[in-house]
Amino acid sequence: MSALRELYQEVILDHGKSPRNFGKPEHVNCESSGHNPLCGDTVTIYLRLNDGIVEEAGFEGRGCAISIASASMMTDILQGKSLDEVRVMFERFHHLVTEDEAACEGGFDGEEFEKLMVLSGVREFPMRVKCATLAWHTMKSALQGGGEGVSTE
Amino acid sequence: MQSVAAVAENTAFDVARRRADFPILGKRVYDKPLVFLDSAASAQKPQSVIDAVNHCYTREYANIHRGVYWLSVRATEAYEGARVKVQRFLNAASEREIVFTKSTTEAINLVATSHGAAALNAGDEIILSQLEHHANIVPWQLLRQRIGIDIKVAPIDAQGNFLLEEFEKLLSPRTRLVAVTHTSNALGTITPVDEIIRMAHAEGALVLLDGAQSVVHGPVDVQALDVDFFAFSGHKLYGPSGIGVLYGKADLLSAMPPYQGGGDMIRRVTFEKTEFADIPSRFEAGTPHIAGAYGLSAAIDYVSAIGMDAIAAHESELLEYATQRLQEINSLRLIGTADDKAGIVSFELDGVHAHDIGTILDREGIAVRVGHHCAQPLMDHFGITGTVRASFGLYTDKSDIDALVQALGAVREIFD
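Chains as they are written, first to last, in my numbering: chain A, 1 to 153; chain B, 1001 to 1416.
If you are wondering where the hints come from, they were derived from the structure by calculation, not from laboratory data.
You can take every hint at face value.
Chain A stretches covered by chain B per the calculated footprint, using a threshold of three residues with CB under 8 Å from any CB of chain B:
1) 4-11
2) 56-65
3) 120-132
From the three backbone atoms N, C-alpha and C, an ideal C-beta is built for every residue, glycine too.
Okay, chain A solo, but in the shape it has when bound:
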C-alpha cells in the first residue's frame, strides 16, 4: 500500500466525511478549544465526566480529513473510560503517530485502541502529525481545566 493510501484509509475518509459525536452533548462539564495556527483549523472538545468516568464525549470544529477523523475516533473511544485509562491512551496515541514501528510494538494490546492504528500512517507525513494530535491535546487540556486553549505551535 502506498504511503498515501496508508494515510487516507477508508476508515479515516469515512470518519472525515461523517464524523461521529459531532456537536455539543448535554450537560458538558469539561471542554477546551484547540487551534492549529499553521492551517487555521480549530476543534472544541466536550466531555461529560461523572465520578472519574467519561460518560459522553463530543466535538465541534473544522479541519482536514485527518484532524476530523482523529477527533471523531477519539471521542468514540473515550466514552466510558476512566480518567486513568484516558491518560494512558493519550500517551499511547502520541507514540503511535510519532514513533517508528519498532518502538510501538507490544504497546497496543487493547482491541479498542487498535482501531486507532489506522492513524499511524501519519508518521510518514511529519507535517501532518499535528493534524492527528490536535484533538488529543485539546482533550488533555479540557481535563486539566481548559484555560487558555491549545495551540499546536
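Add chain B to chain A, keeping to what the hints say.
Below, chain B without anything else, positioned relative to chain A:
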C-alpha cells in the same frame, strides 16, 4: 501586469531555455519530476544567482564599509552597486532612496516604526485593504498599540477586486497613510494603484505599497507611480532570502528616525550622544546580508535580461490557461477572480480540505501552498479557513499546470 493580447507577440519566450537556468527544476521528488507551483511563497534561483552568492564567498567576501583592504573595498563596491541596480530597477530618483532590509516584512515594520514615530499621532488614520498579508497588518496594529492610530480597511468584492469607490469614501483629512498591497499574495488581485495613489495624495495621505508580489510579475516604476514607500523581498524575485528593499522618497526617509541602533548607522558616537548617519545608512544598522546583495544584483540582471514585460506576458498566458483548465473540474471553486490578476490561482475542492490536497499533490511531486497564506482576514472575508494556491514564475510551463489538473483527479479518486 499586461493584457492577454500582448501575449500573442510573446511567442519568443522560451520556457524550456529558462527552465534550464534553474538547477533545482531538474530534481525529482518521490521519484517524480518536481512540479514547482509555489513561487509566490519563494521563487527558485537561477544558476547566475547561485554563482553570484558563491562568487562573493569564494572570491570577495569581507565586511563592508569599514575595511581599508582590497577585499572589503571590493565587497563594499558590490554591495553599493547592488543598491544602484535596485534604484534603476525601480526607477528611483536616487540610490539614497534604497534601503536594504532583510525582507518586505522588515521594510514595512521600518516604515511603521520610524515614519510612525516621525509623522503619526494618536487619532491619525491609516487605511489598509482586505487583501493584505499579515506583514502589512500586524506592524500597523503594533503601532496602534503604541500610539493609538486608527486603522480602516478598504473592502473588496466577491471576486477579490479592490473597491475604489469604497476606498475613496474612507479617505478623510485624518488619513495620513494608505498601506496596501500592489498584488495580493493569496488571490493574485492586482490593485488599482495609480488611482489609489492619486486619491490618497489628493487627500494629503502618503502611500506605501507592499510590492512583494508585484515586483516579480511586471515592471515597477516608483517615480511614474509617485508612490511614497515601496517594499519588496529578494527571494521572490529569484534572489536570495534574507535581503529585502525599502524604497522611500528621500525627503520622507530623511525625516525619519533610525529603526535600529548599532554599527554602520552612525556618524559619531559618544556615551552622551550619537549623531546618526544620513540615509540610507541610518536604517542599516549592523552587518547586512552582503552575499544577499550579490545575489539580488544577479537576480535583477537575470530578470532584466529577459524583460519584466516578457515575464508578465508569459505569466498572463499561464494564468489564462490555468484558469480555464481548473474550471474544467466540476467540484473546484476558484477563490479570487478579479479582473486584473497576476500569476496566482487560489481554489477549493468540494469536500476536501486544502491540507489533504496539499499532501496528496506533494506525493505527485507537486509543490503548492495550502492554508491561509498569511492572510486570515481575507480568508474570513470568503468564509473559509484556507485555499490551495498555485503560483507561477518565469520558469512555469503549461505542463506544470497539466500535472496539477491531473493530480487533482487523483485527489478526487481518493476522496470520492
